[in-house]
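Each chain, letter by letter, is given below.
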Amino acid sequence: MTQPPATISLDMLETRAIGAALERLDGRAKVTGTAPYAFEHSVERPAYLHPVQSTIARGHVRAIDTGAASRIEGVIAVLTHWTAPRLSSDDNKELWVLQSNEIHFRGQFIAAVVADTLETARYAADLIRVEYEAAPLDVGFRADRADLYAPKAVNAGYPTDTDEGEAEREFNAAEIRMDATYSTPMEHNQPMEPHSTIALWESEKLTLYDSTQSAHSVRKAVATTLGLRPEQVRVISPYVGGGFGSKGEPHAHNILAALAALRAPGRAVKLALTRQQMFTLAGHRTPTIQRFRLGASRDGRLKSIIHEVIEQTSRFKEFAEQAAVPTRLMYAAASRRTRHRLAALDVPKPSWMRAPGETPGMFAGEVAMDELAVLCGLDPIELRIRNEPEVEPGSGKPWGNRHLVDCLQEGARRFGWSRRDPQPGRRIEGGWLLGSGVASSTYPRYILMGSRASIRVGGDGRYLVRIGAADLGTGTWTTLTQIAADALGCTPAVIRLEIGDTDLPNATVAGGSSGISSWGWAIVAAARELRRLHGTHPPPGAEASAETPKEAEDETYAQHSFGAQFAEVRVNPETGEVRLLRMLGVFSVGRIINPRLARSQFIGGMTMGLSMALHEESVMDERLGQIVNHDFAGYHIAANADVVNLDAVWLEEVDSRSTPMGSRGIGEIGIVGAAAAVANAVYHATGKRLRALPITPDKILT
Amino acid sequence: MKASITLRVDGEQRSLAVDTRTTLLDAMREHLGVTAAKKGCDHGQCGACTVLLDGRRVTTCLSLAVACDGASIVTAQGLARGDTLHVVQQAFLEHDALQCGYCTPGQICSAIGMLEEAKAGHPSFVTRGLTAAPDLTDEEIRERMSGNLCRCGAYVNIVAAIRQAISKGATS
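From first to last, the protein sequence lines are chains X and V. Residue numbering for the first sequence follows this note's numbering, beginning at 1 and increasing consecutively. Residue numbering for the second sequence follows this note's numbering, beginning at 1 and increasing consecutively.
The shape of chain V in the complex, shown without the other chains (with noise of 0.2 Å):
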């Protein structure tokens, strides 16, 4: 069964007939041709598909695309402004916080999408007690970004770029 469905993906409104059984991830990669969010397990288990949904992060192989029918979706690709990337990105380049890139962009999308998560005061698992705004320690941001699996065993830079690019006053 197919649905006619319309996606605004980086800044450009598309609109496609998708089988009702396709996933965000899938309708992005294989019809749109937009293969900035990866696909690394299909269940949500690894982070690489994470974009930016309406602001949020979300992994895009547990959404099924005709569910997001008139959504807004940010990608890695379409965080860059021209030949300027964003904080996040150039903090990732400059801390080399990558390797095989396969991971990346679902880090920096998730990385940004955190952020906003502590600045909205959400908790964690370690933050201390729920009613103050989390202080985003090394603690607290790796425990935040354990949502997106690095087998390159990048994490340390990717802490330090996240360190960095919050230092420079990075949002989404």
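This is chain X alone, in the form it adopts within the complex (with noise of 0.2 Å):
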């Protein structure tokens, strides 16, 4: 492929600590369990805050007795919708909490206790009785409802719908048609350290310790729901057990333990979400039912693409994944044609999980090309090649860095594909069917503005380098440490970093894979700035500061990281069980910052792919609204035993066209396209192919 040349040049960074394989710097907390998560920070006076959830999933409440839970020894203070402190804005809706008797979702926030001790709080919580007066509720997810509607946007922005050429009439016309529908399931993020918040009021300022992807962004939020200026809240959170984007935004537990912690003055508040709570009221990831057709010439050249999307959103407040968004961008075609629409549910709000868009969208999409691959005759690597687009599809945008092929041919080359005999059904082993399966994966090159880094010389020598960005298990202390290192022309060892409080400089969002590149270019500038000012050798108390720069907007060419991602199974044909027997990921992503913690960030995604692909499934009760499997007996995520010589691995390659670093940010493609790859091989291993994820022994026998 011919890359015009580069109408952007950055002045790129020369490296030395960047690819240096360093240990974590937080590991040595972390394996000795000092590290404090946002409920360990030690604080005086801890208060204990128990929520009372609804039982109803739409109406009103009509009366609460709180009598004998108030009557109970140590218990500081009840919370209702009447006795609450009153917000001063409903920007956003999610964040209204116990401001009206209505409701919008079962296990929504109705009251609370604030207690001396856990055991109080929760004890006097279930005292609390509630009448209802219940309204009809609507939770049903299906394809065929008439109250479908398209919103204006789809998450990040981008347009709901998009049309090139006529995609319908092409799809009719072509020789060979592939036409499915598949589904997705609601799936939660659940990190393992559970949402929890320290709130403490001194005077007019509020301290929340909180785990959380931007503390930034909650003390914004938190400011304008309980009208103060956002100097009046400060957020710490240095470390954080996992978010996965469901703590990339604040949820109503942040708003509750603020108004909970005015009711018990002088106490330092501390709630933890239980992990059946985090199923409503940390996000989760929409269920998806999408119809795939791709029509296509005998020779597999695609001639149409119709990517129709639906999913739900809960009525109180939109949130649109953007699952067909991939489908504009992966492949070349004559016509194309995606469609996003939703069904507002009194369902609790849907929001980011990892790869929102990607990770649902290119299950559907990689299915769809493997079935379209089986149509043709044709291996469905050579498929993918023969429909490598040019350009970017619908913007006509030259690539930045597009080595999707060489993804796909390399790791083909490691996992021995050619030796696939592509007949499915047909090895059998110790009675288990074998089978292997490829996918494609995909992510934009995202950068957020407005984040801050500064930089003073100490009187130690070394150099201090804050920023508020965070550390969910991603590497952040150790590679914007690398990072900075490099920025300064120097070791590691000399880069003093703090990260995670709003009383460092402004960080956007540890969300969209976004974070290094976002923050890793503020420090690069502002090491350059401090470099201006002060020449190579700073004196102590030097300092400078700088924001990521606005070249990082440019949109000459299209940004995207690539990947491709192999599986091989066995599936018991008695039992309908299916075991990995490996999994490989060959990803292009620009430079690697630290090879060990990319690693770690690559086979992870691939692991929830994995785990995606098996195990996760809310089920929904119709007629409660109640999602009945809520915790990690009921919600299966992969355990240990499930991950079997999974490995990952990347080209090298330096994208001198998306930052200084040469990197392009790597935390979400991991599982973009995995699940894919396992439904696939199942398919491969069976000669059955299965549609609705996940992909459950009850599926394979029937």
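Hints may contain errors.
[As the list claims (entries may be wrong)] Distance ranges between label pairs, derived from CB positions:
1. X/Ala180 / V/Arg128: 51 to 59 Å
2. X/Lys152 / V/Val126: 47 to 55 Å
3. X/Glu204 / V/Lys2: 32 to 40 Å
4. V/Arg128 / X/Glu131: 57 to 65 Å
5. V/Val126 / X/Arg426: 44 to 52 Å
6. V/Thr84 / X/Lys397: 52 to 60 Å
7. X/Gly576 / V/Val126: 18 to 26 Å
8. X/Ala493 / V/Ser4: 45 to 53 Å
9. V/Gly70 / X/Glu73: 27 to 35 Å
10. V/Gly70 / X/Gly459: 48 to 56 Å
11. X/Gly227 / V/Thr84: 31 to 39 Å
Source of the hints: derived by calculation from the structure; they are not laboratory data. Note that beta-carbon positions come from the ideal geometry of N, C-alpha and C, so glycine has one too.
Each chain sits in its own coordinate frame; assemble them with the hints.
Here it is as structure tokens:
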């Protein structure tokens, strides 16, 4: 493929620390259990908050009897919508906590108890009696609903619908037609650390020790909702026990803790959601129903791609996952149509979950490509190569660094793909059917504007690098230190990094795999500013700061990461069990900042994708609006025994159009395509095409 | 109702009065300020709260503190000797067998307890036969570590770390 000359030319960093496989700098604190997570910060006079949740999905609270709860010794305050302090803005309806008697979903906060101990708070909360006026609820997620609607835009601001050419006509006229419907269930992020907050008011100032992917976003939303100036709120979050999107924005518990702390003067009010509460109060991935149509010539060249997605949103606040967006750029086609439609239901608000859009969308799209390959009698890798686009479809922009084919070919070589017999259902070993599958991955290169870093030369000659960034296990403590070292031309040992606090300069969210690109570039800019102001040997006390520069927004090129995922499974035809035999991901993501930590990100994403393929599913009781399997006993996530021989590698690459570090972001691409690779392997093993996740034994057997 | 109990936590004798409803996990975290054991689910479903109690791995969220009077507890915090990490901790660091770190102290305590169980000849679901001493293959390690969930997906590194620890003669 020819690459046009670069119109943007970034001033690239000379790398020495970048690329080194440093051990996690926060690793020692984590293996000894001494890194303080939100609920673990040592506070004077703690008090404990336990919420009461609605047991209906729609209607009103008519009465709440808090008498028995209030009389329990050790109870400090009981809050209901009648007694809670008033909030000032309902801009974000999810944060409009205890302000009215209206109920939007089952599990919504309707009251809360603050007490001296955890046990007392929980016991007292159980004594609260609630009378409801229930309205008919509707949580039925189906494709044939008459009230499906088109949102104004989908997540990340993409258009809801796109049309190129006459997709329907081209499809009907195509020699080969693939028309299938895929579905993915409601899924949950479920980081191991529950969403937790400690709220403490001191005069007019609120401090929150929080588990968040963005301390500054929490501050902004909490300040707006409570009617405070941002300077009145400080959010502290040095260590975060995973998030995967669910801690990307504040949720109702942040506000509940702040309100409760107003009713418990002088006390630090601690709230950790229970695992069960996290299923309704921390966001979820919408279920999807996706009709995919591919029209092609006999030799596999695509004439038409039609991807129509149906999702759910909560009735009280809209969230539209961009599931059809990757379809707009993956493959060349003469015509293309994408659609997103929503069912507004009495469910909790869906939100971000690792690679929102790409994850469910690429499951459907990459199984569809596998089905087309079968119809055309082509190898699935060859089919993808034949439809490789010269420029980004739709926009016509030149690619920044599109290496999908390289990933597929490198993976094929390592995985031994050429030895594969394409016929399904033909390999049996020890009573198990064996099969392998492949799928593509993609994720956009995002940079968010507005991060600022400051650098000060300390008296000890070390550089103090400050930015309100987050490390949710992603490696930020380590990788930003490496970037700062190269930006300042020193070793990582000379850098003292501070992150996870709104007292530090503003940082954008750890989301969209944008963190290291956005924050790292701000650090590079600050280092260059320090040099400009103070030369190569800045004296102690010298200081400079800078934001992620404007040139990060250049949109000359279509900048995306790509990858290829390979899976081999065995399927027991008697029991329906599917077990992984091996899995390999090959990724093109620009330069790797730290190979040791990057591999963890990739294999972690792939493991979550495997989990999505085989295990994860929320079951909604349509009569009650309740998720019936709302804990780890009922909602299965992959355990150690499920993950066998899984590895990830990457192409050696420096993306000089993306960032001065040459990187593009790696946190999410690992999950994208993983479930499709597993599903395609199950087809190859059994000859049975399963289009509804998760692939559980009952589906294999029926 | 309160009860007075004594616990030996990470080598230190601690006396406290606990509500009889208080779990061992909450007693450590909220009363003694020892937060190495993590609360992930409070239902014994995730393993994040695992410690070594009188040498055996135990999920402290399912243990009532009052029932543990006189027990000796080692958390991940108490495993290191000064600056020297336990061989399992060191292996976790080197293999990057962690990301967010929240399940990690439980994984490490669980691994140490698991190695002792295997040494004592306890079979697992995947052990072939019940008489011979189990051979700690990767399959055995995976099976025996499946009570400790990791949402970041560090399992393959956790297995590699435990394998390294075994080769370096890991015991509790």
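Tested hints:
1. X/Ala180 / V/Arg128: 51 to 59 Å: violated, 43 Å
2. X/Lys152 / V/Val126: 47 to 55 Å: holds, 53 Å
3. X/Glu204 / V/Lys2: 32 to 40 Å: holds, 37 Å
4. V/Arg128 / X/Glu131: 57 to 65 Å: Between V/Arg128 and X/Glu131, where Cβ atoms are some 60 Å apart, the hint holds.
5. V/Val126 / X/Arg426: 44 to 52 Å: Roughly 28 Å apart at Cβ, these two residues miss the hinted range, so it is violated.
6. V/Thr84 / X/Lys397: 52 to 60 Å: holds, 55 Å
7. X/Gly576 / V/Val126: 18 to 26 Å: Holds, since X/Gly576 and V/Val126 (Cβ atoms, about 19 Å apart) stay within the stated range.
8. X/Ala493 / V/Ser4: 45 to 53 Å: At 48 Å between Cβs, range holds.
9. V/Gly70 / X/Glu73: 27 to 35 Å: Cβ of V/Gly70 to Cβ of X/Glu73: about 29 Å, so the range 27 to 35 Å holds.
10. V/Gly70 / X/Gly459: 48 to 56 Å: At 51 Å between Cβs, range holds.
11. X/Gly227 / V/Thr84: 31 to 39 Å: violated, 52 Å
Of the hints listed earlier, those the structure fails to meet are numbers 1, 5, 11, in rising order.
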